[in-house]
Amino acid sequence: MSVIAPNFKLSSFIKSLLDNIFWILLLLVLIGIPLVFMVLFVIPLPVIDGELLTPFLALSWIADPSRTLPIIQAFLETDIFRVMAFPGFGFAALLAAGTIFAERKMMAKIQLRVGPFYCGKFEGILQLMGDGLKLISKEIIIPAKADKPIFWAAPVMFVAAAAAFVALIPVAPGWVVADVDLGLLAVFAVIGFFPIITILSAWSANSKYPFIGGIRALFQMVSFEIPLILSLLGVVILTGSLNLSEIAASQSNFPWIIFLPVGAIVFFITMLAELERIPFDLPEAESEIVAGWLTELSGMMYGLVQLGSYLKLYAFAGLFVVLFLGGWNGPMVVPSFPMELIENGIEMGPITLKISGLAPLLSEVITQEMLNGTLWFVLKTVGVIFFIILPRGVFPRIRVDMLLDLGWSKLIGLAFVNIFIALGLLYAGVLGPGGLQ
Amino acid sequence: MADIAFLALAVITIGSAIAALEMRSLIYGSIALMGTLGGVAGFFFLLDAPFVALFQIAVYVGSIAVLILFTVMLVKRELIFKKIEDPRRKFAGIGLMLVMMLALGAVFIDSGIKTITTDEPPVNFRDIGADFVMYYWPALILMGLILAGSVTGALVLARREDVENERTN
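Protein chains in written order, with my numbering: chain L, 1 to 437; chain C, 438 to 606.
These are computed hints drawn from the structure, not numbers from a lab.
Coverage of chain C stretches by chain L, computed from C-beta distances (three or more under 8 Å per stretch; other residues unrestricted): (1) 464–472; (2) 485–494; (3) 502–508; (4) 587–593.
Every residue, glycine too, gets a C-beta built ideally from N, C-alpha and C.
Please take these sequences and the hints and turn them into a complete structure.
Set out below in structure tokens:
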């Protein structure tokens, strides 16, 4: 008979539990409760609806939905919620996690493998969580001759730049973290940081493979930034605005991909190159230079770079949707919420369930338009992400000289063709004043 | 608020400029140069010119700094720089800088900069575009020609004839 823990004794287990409870109680009494009182003494408590928000009042509100709902609504309207949860980091990280799982499963199906299978009961759905826990628990090994400050800072800066990119993407009408007037220029400015971070991380590792990968990443990103910027000028010319929300709102009748298919194709190809996806994955070509500029990163540093690159993928897909596919615009498919249910309550037998604070929440924050816009944005973004990860199973990696030839002499030319198409549409009166829009 | 931001930006810009000159490591020097250029972008933000500020970040921090990093990393620095230690040069440089700053400051303060109202809204980039097309059109056409020439030159440089011949063979 095999026993997992042969020296297990129930009495010592219970003793350890009691020990833990004793220490927790002791620390709470000696440190926790005095700390809470000191904090309560120092911090000025907020006044909500003419009442001082003492801890007792706050605890009593938890039990009463009609009093907690205004707090939730106020929280949903704060900037911190936007940055951390909905149009910002949390939402993007959720989509990125879904992307990683779907990518691994899809690549496996294309290559007749099984893919992640054992983690979680259904098709290895918890594999990503397992990988994340593994990366967090692993030791971070820094090369002996590495330049330590830059080496430490680079992964964090990579995630920060990706999160700044995510913050500029509007998800639903009015739901964007940073509604910048010059949003597209801000996007260009943020994209410009990625090659610097990459080359600094690659150089600071003081190792051959990262440096080769970093140099490759540098010239690939820098040379594809030019067709990327040029391919978006057509949309700017037709819209007359650099604000991403206005660009998305201007496509309520038709998406710009109908009139600017050339620009959309150029942008998509440059997007693949900026994201270092196959067939442009020369910076991390695993069959040539180990893992490229990620070779010396270990543990959660590697995890941060992966998180950043998938956030970047989401942000680029979202940018494509906003610029070419109409953003949140789409037919209204979300049904309107029955307001009489909220106002009159639900009668179930002898009880009438009535929630009084829900009406302003549903009519001001979580509106029908917001839900519908988010639904369409997510659907389109998922479609674009599918087409971004599809070439990974289909195409081989291209050569360096072919990459530069494509970037400099073909895509730039096509981007100029796109600009002339946009100008022709404008001056022929098809679009713009007097035309369709 | 604006004063604190101005002071912080001034400290960052000047400090990183001095660091860019004085640092032994060329890589750290170019990172400090990036800080200087970013600080200048911050000044443009303070001056209500976000258009110029974002272009400053996209072009100077995003591209020029990358080019400098690229050069520094690929070239052995012993071959480019021969450092001559001479304290007199340093003092002469500091003196020259002080003279320049005093002269420029005198010109700025004398130019009636104090009468400018500071509560104006940010400059609309559409106005910049309209100005370019209406008033500065010769400069715009000249810039367009130069840019077209440089893009054509880049395309010609990127086209390698030996590779083309190999492919056809």
